[in-house]
Every structure is written in C-alpha cells, then in structure tokens.
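K.L.:
Using the sequences and the hints given, assemble the complete structure.
Number of protein chains: 2
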Amino acid sequence: MKNNNRICSLLDISYPIIQAGMVWCSGWKLASAVSNAGGLGVIGSGSMYPEVLCEHIKKCFKTTDKPFAVNLPLIYPEVKSHIDTIIKLGVKIVITSAGNPQAWTSLLKENGIKVIHVISNVKFAKKSEDTGVDAVIAEGFEAGGHNGREETTTFCLVPLINEAVSIPVIAAGGIATGKSMLAVMILGADGVQVDTRFAVSEESSSHKSFKEIIIQAKDGDTMLSLKKLMPVRLLKNDFFYKINNLELAGESTEKLQTLVGSGRPKKGIYEGDLNEGELEIGQVCSQVNKIEPAKEILLNIWQEYLKAYKKLNLLA
Amino acid sequence: MKNNNRICSLLDISYPIIQAGMVWCSGWKLASAVSNAGGLGVIGSGSMYPEVLCEHIKKCFKTTDKPFAVNLPLIYPEVKSHIDTIIKLGVKIVITSAGNPQAWTSLLKENGIKVIHVISNVKFAKKSEDTGVDAVIAEGFEAGGHNGREETTTFCLVPLINEAVSIPVIAAGGIATGKSMLAVMILGADGVQVDTRFAVSEESSSHKSFKEIIIQAKDGDTMLSLKKLMPVRLLKNDFFYKINNLELAGESTEKLQTLVGSGRPKKGIYEGDLNEGELEIGQVCSQVNKIEPAKEILLNIWQEYLKAYKKLNLLA
Numbered sequence: 001m002k003n004n005n006r007i008c009s010l011l012d013i014s015y016p017i018i019q020a021g022m023v024w025c026s027g028w029k030l031a032s033a034v035s036n037a038g039g040l041g042v043i044g045s046g047s048m049y050p051e052v053l054c055e056h057i058k059k060c061f062k063t064t065d066k067p068f069a070v071n072l073p074l075i076y077p078e079v080k081s082h083i084d085t086i087i088k089l090g091v092k093i094v095i096t097s098a099g100n101p102q103a104w105t106s107l108l109k110e111n112g113i114k115v116i117h118v119i120s121n122v123k124f125a126k127k128s129e130d131t132g133v134d135a136v137i138a139e140g141f142e143a144g145g146h147n148g149r150e151e152t153t154t155f156c157l158v159p160l161i162n163e164a165v166s167i168p169v170i171a172a173g174g175i176a177t178g179k180s181m182l183a184v185m186i187l188g189a190d191g192v193q194v195d196t197r198f199a200v201s202e203e204s205s206s207h208k209s210f211k212e213i214i215i216q217a218k219d220g221d222t223m224l225s226l227k228k229l230m231p232v233r234l235l236k237n238d239f240f241y242k243i244n245n246l247e248l249a250g251e252s253t254e255k256l257q258t259l260v261g262s263g264r265p266k267k268g269i270y271e272g273d274l275n276e277g278e279l280e281i282g283q284v285c286s287q288v289n290k291i292e293p294a295k296e297i298l299l300n301i302w303q304e305y306l307k308a309y310k311k312l313n314l315l316a
Numbered sequence: 001m002k003n004n005n006r007i008c009s010l011l012d013i014s015y016p017i018i019q020a021g022m023v024w025c026s027g028w029k030l031a032s033a034v035s036n037a038g039g040l041g042v043i044g045s046g047s048m049y050p051e052v053l054c055e056h057i058k059k060c061f062k063t064t065d066k067p068f069a070v071n072l073p074l075i076y077p078e079v080k081s082h083i084d085t086i087i088k089l090g091v092k093i094v095i096t097s098a099g100n101p102q103a104w105t106s107l108l109k110e111n112g113i114k115v116i117h118v119i120s121n122v123k124f125a126k127k128s129e130d131t132g133v134d135a136v137i138a139e140g141f142e143a144g145g146h147n148g149r150e151e152t153t154t155f156c157l158v159p160l161i162n163e164a165v166s167i168p169v170i171a172a173g174g175i176a177t178g179k180s181m182l183a184v185m186i187l188g189a190d191g192v193q194v195d196t197r198f199a200v201s202e203e204s205s206s207h208k209s210f211k212e213i214i215i216q217a218k219d220g221d222t223m224l225s226l227k228k229l230m231p232v233r234l235l236k237n238d239f240f241y242k243i244n245n246l247e248l249a250g251e252s253t254e255k256l257q258t259l260v261g262s263g264r265p266k267k268g269i270y271e272g273d274l275n276e277g278e279l280e281i282g283q284v285c286s287q288v289n290k291i292e293p294a295k296e297i298l299l300n301i302w303q304e305y306l307k308a309y310k311k312l313n314l315l316a
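Protein sequences, first through last, are from chains A and B. With the working numbering, letter number 149 in the first sequence gets 149, and the count goes up by one each step, no holes. With the working numbering, letter number 293 in the second sequence gets 293, and the count goes up by one each step, no holes.
Please note that the accuracy of each hint is not assured.
[Said to hold, decoys possible] Listed below are the simulated BS3-like cross-link pairs for lysine-lysine, each with C-alpha atoms no more than 27 Å apart in a straight line:
1) B:Lys123 with A:Lys218
2) A:Lys307 with B:Lys310
3) A:Lys228 with B:Lys266
4) B:Lys123 with B:Lys228
5) A:Lys123 with B:Lys236
6) B:Lys255 with A:Lys255
7) A:Lys109 with A:Lys126
8) B:Lys123 with B:Lys58
9) A:Lys228 with A:Lys255
10) B:Lys311 with A:Lys310
11) B:Lys236 with A:Lys311
12) B:Lys290 with A:Lys123
13) B:Lys290 with B:Lys266
14) B:Lys126 with A:Lys236
15) A:Lys227 with B:Lys236
16) A:Lys66 with A:Lys295
17) B:Lys255 with A:Lys218
18) A:Lys29 with A:Lys62
19) A:Lys126 with B:Lys290
20) B:Lys227 with A:Lys236
21) A:Lys242 with B:Lys242
22) B:Lys227 with A:Lys255
23) B:Lys126 with A:Lys228
24) B:Lys218 with A:Lys126
25) B:Lys80 with B:Lys109
26) A:Lys126 with B:Lys236
27) B:Lys227 with A:Lys227
28) A:Lys227 with B:Lys218
29) B:Lys307 with A:Lys310
Derived by calculation from the structure, the hints in this document are not laboratory data.
P.N.:
What follows is the structure, given as structure tokens:
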C-alpha cells in the first residue's frame, strides 16, 4: 500500500489510517501508540494549555520515531502560542480544524510543516486547496464532537469532495471497521480518520466510565446537539436532555451558553461525570463494543479492510 | 448477478436496484419504465386516492410484464382500501413504510404477496423479521422525504442492520451512483433503493420546475425538518425557512401543524410551487445534475457499479 497510496506517501506512514485528535482522549500515549503501529497518531491540543501541549509533544518524540501530528482547532484562544510550540519542537504534521484555513497555513508551510484541514462542505474544501493545504479531511454528520452545520453525511460528502479538489481526501465520521474503510475508499477517499474506536482504546486518556458507557451504546444513542451554539455530537445523557428540551422550547443562545458554561467535555470525558458532562462521541459507537489497545485497533481495521477487499471478488 | 443475489432471486429482477416509491413522483409511468429496464419499479400510493391507485396498477400491468411493487405508507388513512385493491388486482410485491409491520404483513403474506418493510433502526428491523417480512429497506438520515427520529446515517445503519437480521437488506438514502451502490454492498446490503435520481427522471410525474431546482441544488441545500411533527428531508425554500424559524423559536406542535396544513408536498412537487410547497428530496441531490430517462439511470448505475468494482483491483 505504502507506495501506491497518496496519504501514505504524503505522511510517510504504513497504513492510510489516521487517529482523530480528540479532546481529553488523545495525548502522547495514544498518539505514539498509533504511530508506532504504522498509522498516524495525533495529539489533540484543543483541551491543552500551551505548557501541557509542550510536554505531550516532547513525550511523543521520546516514545516514537515515526511521524505524528498535532490537531489544532483554530477557534482555540491560544492558537498562536500552540503554533510557536509546534514549530519550535519540530512537529512535522498539523491538522487544523474549526476555522479558516487561510489564517495559519502559510506560516506552518513556511516552517516545513505538512498541513491537513478538516472540512464539512465543498466550499471550504476548495478554499483549503487554494490556500495550499496538503490534504483535507472530509468529516461527515455522523462524526463525534464538533460538526458542520450542513449536516452532510460521510456517504454524501466524500464523493463531492473527491470531485471538488485534486489534493488527497481523508474520510472521517462513521468509520470504525475495515469494511467502512473500503466503502469510503470506493467513494473516493485516499485514507480514513477514525475517531470513536480510538476514543475508547486502552491508551485513550478518557475516563474508564466514559469508555464503558460508549461501548454499551446502541443505535440512536447519540444526537447532533447544541446547534444554536456550535453543533456537537453527544451521547444522550441528563445534560443532553436538559439542553435539548430548552432548545426545543426556543431558549436563547445566551441562556444556553450560560447553562452549558465551560469545562463540560472535561467533566464528562476526562472526569467521567456521565450525567452532567458533555459526552462527545460518534454515531458509530453502536459498532464499537470493546476497549482494545490502539495497535490492535489499527491492525484489525487494516486486516478487515484487506479481507473485505478479497471477499468482494465473490460478489460480481 | 441474478442467481447469486438475494434481492434479484426474491423479486425476480435482473439488477438489485429498487426505485423508491415517492409521493407525486412515482406513478405507473416511472414504475413500469424501471421494471422494464430490469430493476424494481414502485408505485408510490401515499399521494393517491383508492381509485387513482387502482388506475395506476392497471396501467402498470398493461405497460410491463415484469414484477413491480406498490409502496404503502401505513399511516395513510385509507390503507385497508389500498390493500384490498392491491390484493384484488394481483400485485405481487408491497413495500410498507411509516408504521408497524405487525399490522398488515400477515394479510399480505396470506395472499401470496412479498412484503418489504422500511426501517431506520435495529429494533424495527428485528421486529420486521419476527413479523415475517421478506426483506427490509434500511433507510438512512440522508434519504429524502419522511425519515427516522434517530438520524442514523446510511453509512452507520447498514452494517448494524446486516448484523441484526438474516433476511436480505436493501440500503436506502444517499445512493445515486454505482460507486455508492458498491460501497453499501460492502457494508452488508444485498441491494439498493434509489430515490432522488429517479425523482427527477423523465418519467417522474413531478413538476418540471421541481426537477430543475433539484438538479441545480448543491451540498447543504437540504435539511431534515419538521422534527416536532414528523421528520422530513426538504430542499431549503421559503416554506422551509418559515417553519424552521418557528421551530427554533419554540413554536408549539399544534401551531406548526396548522401552518403546514395539508397538500404542501403536492403544491411543491406536483404543482411546482417552489416557494410555498414542501420540496421533499434526498441529500444526494448535490450529486444529481441532469434529467434522464429511468432506463438510462438504471443501466448507468449498474455499469458504474461494475466499473467501480473492476477499478478496485488497482487499489490494494
């Protein structure tokens, strides 16, 4: 695969499988485990203070000699400080999300960093390509955490983005198995980003209670929520229902913002408060039924991808 | 394909491609064109009075000697009258939707009719199998028209349903090309149901203005709407925005119902009132860019499916 695949060539990895950068889940431990196994490990910097990010990057360099990336939500208030750290410490790949790719791409590229931008519509995919990013991640409605306002699903989004740009396309949202990987490759993706399955991996820094409730979740247990603030896919818990009822009753954005406050994702994902925390997770959690080491997840997806591919020969 | 595919064997058709039964789009003209081309044509009875359905079935028998089906929304007030007509005239396949499969499956089966039920979650898929239906249609969030409350996408739903039941599974929602057909077959589908592309076919009875606005639509132009009443995917027009703003402001179900009234789908789809009508259509409209004869659509999807399958050999 390595030499024939644009994502493997671009990022110098063995399998075109990227672990999503996820707040309170993906620190150096998960990132280095995925990179060591041949995928692309990603440190999620959205939940980190600058000094914490610095520590995670240093530990990642110590625990793997393979490429890894930092995910950088551009709405993060200390984004410039994070970028300085990334450049200073020599991180080679940055995945930007939740913002305008024009803002920081040039600076990153000037410093020899490969830039991948997360998009959820054709307009921003084209804008990203024009800005000079190396690849885009096309993230569908089913993905966990923050999400696009158009609600375009992975299934409808990937073929459109594949048509709209000539840079490589990484599909995200709803991908937890080798079968789903093969399906999006057929729709035009060059690689995949996997969120939920890695969020409950052994190396994920999320709370044990969070992992356990996720692996028990069934279809219909998540919902795209908080649409009046910033759409985010959550597991339905007390906090979700409270906010959802207020939204249905027409509550104002300001009051909703006050009620949500800050620190909800930390409370839910990291501290394991299953009632009052924001439990960010993808719709595909209904297909994720165990806590596994990151390496096994990666190799299992890859083996299943190959098996699905071979089985296909029996179809036509 | 015919002998190796469970949907082709079950329905005695050449290609496992079903044209969705769509209000104000799919009368005898579209249904017989699809059946004559080797797929399964479907009369959408949800917009028909009993005597109108009777006429469409008779015309369908006159214009094709291939199998065709009637789609029957179980919430339709005159469902018993429709079933009597279906049995009397000798229709061999019925697709039930929007209701409990337990209500009518036995009666239909006793009369030698094959029954396929549309579901959007695991619970109803299992219930349908227990009830004795011959196959299920797993319809994802991206589908046009009425839709499930769980908002599970085609990409996440199909593998779950494939796992949950042993009867054949037909994937629906977001499928307009041979590539997307191959992708859902990999996810575990035995066949596909195609909505949007047939809704704007030459033989569709929808208004020319409706067809034209659909083929111009881009990503982000549809939205699952009217969630306080019955969720339905609509093209964003004046009517959509009016209702959507009221929903966001917390308007009551009763007032919304009064404002919507009845006859909105007819006004939009059949009469071509693009401002005040309900323009029911799938998210995949952004991939549908021309008005074509039904036969060409069917054969084009099939050829593209075979081509995508062959191209795959280059991937691994």
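K.L.:
Each hint should be assessed against the structure and marked as holding or not.
P.N.:
So, going through the hints one by one against the coordinates:
Of the supplied pair hints, the one linking B:Lys123 and A:Lys218 holds, its CA atoms being roughly 10 Å apart against a limit of 27 Å. A hinted pair counts as satisfied when its Cα atoms are at most 27 Å apart, and A:Lys307 with B:Lys310 qualifies at roughly 17 Å. At most 27 Å may separate the alpha-carbon atoms for a hinted pair to count; A:Lys228 and B:Lys266 exceed this at roughly 32 Å. Simply put, B:Lys123 and B:Lys228 have alpha-carbon atoms about 22 Å apart, close enough for the 27 Å limit, and the pair holds.
Distance hint between A:Lys123 and B:Lys236 is fulfilled; the C-alpha atoms sit about 18 Å from each other, no more than 27 Å. Taking the CA atoms of B:Lys255 and A:Lys255, the gap is about 25 Å. The hint holds against a cut of 27 Å. Taking the CA atoms of A:Lys109 and A:Lys126, the gap is near 18 Å; set against the 27 Å cutoff, the hint holds. Between B:Lys123 and B:Lys58 the alpha-carbon distance is near 36 Å, which puts this suggested pair outside the 27 Å criterion.
Straight-line distance between C-alpha atoms of A:Lys228 and A:Lys255 comes to about 11 Å, which keeps the hinted pair within the 27 Å bound. With a CA separation close to 14 Å, the supplied pair B:Lys311 and A:Lys310 stays within the 27 Å bound. At most 27 Å may separate the alpha-carbon atoms for a hinted pair to count; B:Lys236 and A:Lys311 exceed this at roughly 41 Å. Under the criterion of a C-alpha separation no larger than 27 Å, the hint pairing B:Lys290 with A:Lys123 is consistent with the structure, at around 22 Å.
Taken as a hint, the B:Lys290 and B:Lys266 pair is honoured in the structure, with Cα atoms around 22 Å apart against an allowance of 27 Å. Using a Cα cut-off of 27 Å, the hinted pair B:Lys126 and A:Lys236 holds, with the two alpha carbons roughly 23 Å apart. For the proposed pair A:Lys227 and B:Lys236, the alpha carbon gap of about 17 Å is at most 27 Å, so the pair holds. Distance restraint check for A:Lys66 and A:Lys295: the Cα-Cα separation of roughly 14 Å lies within the 27 Å cut-off, and the hinted pair is therefore satisfied.
Note on B:Lys255 and A:Lys218: the hinted pairing is violated, with a Cα-Cα distance of about 34 Å set against a maximum of 27 Å. With a C-alpha separation of about 11 Å, the suggested pair A:Lys29 and A:Lys62 falls inside the 27 Å cut-off, and the hint holds. Distance restraint check for A:Lys126 and B:Lys290: the Cα-Cα separation of roughly 23 Å lies within the 27 Å cut-off, and the hinted pair is therefore satisfied. Annotation: proposed proximity of B:Lys227 to A:Lys236 holds, straight-line Cα distance about 17 Å (limit 27 Å).
Distance hint between A:Lys242 and B:Lys242 is fulfilled; the C-alpha atoms sit about 26 Å from each other, no more than 27 Å. Using a Cα cut-off of 27 Å, the hinted pair B:Lys227 and A:Lys255 holds, with the two alpha carbons roughly 23 Å apart. Using a Cα cut-off of 27 Å, the hinted pair B:Lys126 and A:Lys228 is violated, with the two alpha carbons roughly 36 Å apart. Between B:Lys218 and A:Lys126 the CA atoms are separated by roughly 14 Å; this keeps the pair inside 27 Å, and the hint holds.
Annotation: proposed proximity of B:Lys80 to B:Lys109 holds, straight-line Cα distance about 15 Å (limit 27 Å). For the given pair, A:Lys126 sits about 23 Å from B:Lys236 by alpha-carbon distance, which is consistent with the 27 Å threshold. For the hint pairing B:Lys227 with A:Lys227, the CA-to-CA distance comes to about 14 Å; that is within 27 Å, so the pair holds. For the hint pairing A:Lys227 with B:Lys218, the CA-to-CA distance comes to about 21 Å; that is within 27 Å, so the pair holds.
A C-alpha spacing of about 17 Å is found between B:Lys307 and A:Lys310, which places the hinted pair at or below 27 Å, so the restraint holds.
Going through the hint list in order, the structure does not satisfy hints 3, 8, 11, 17, 23.
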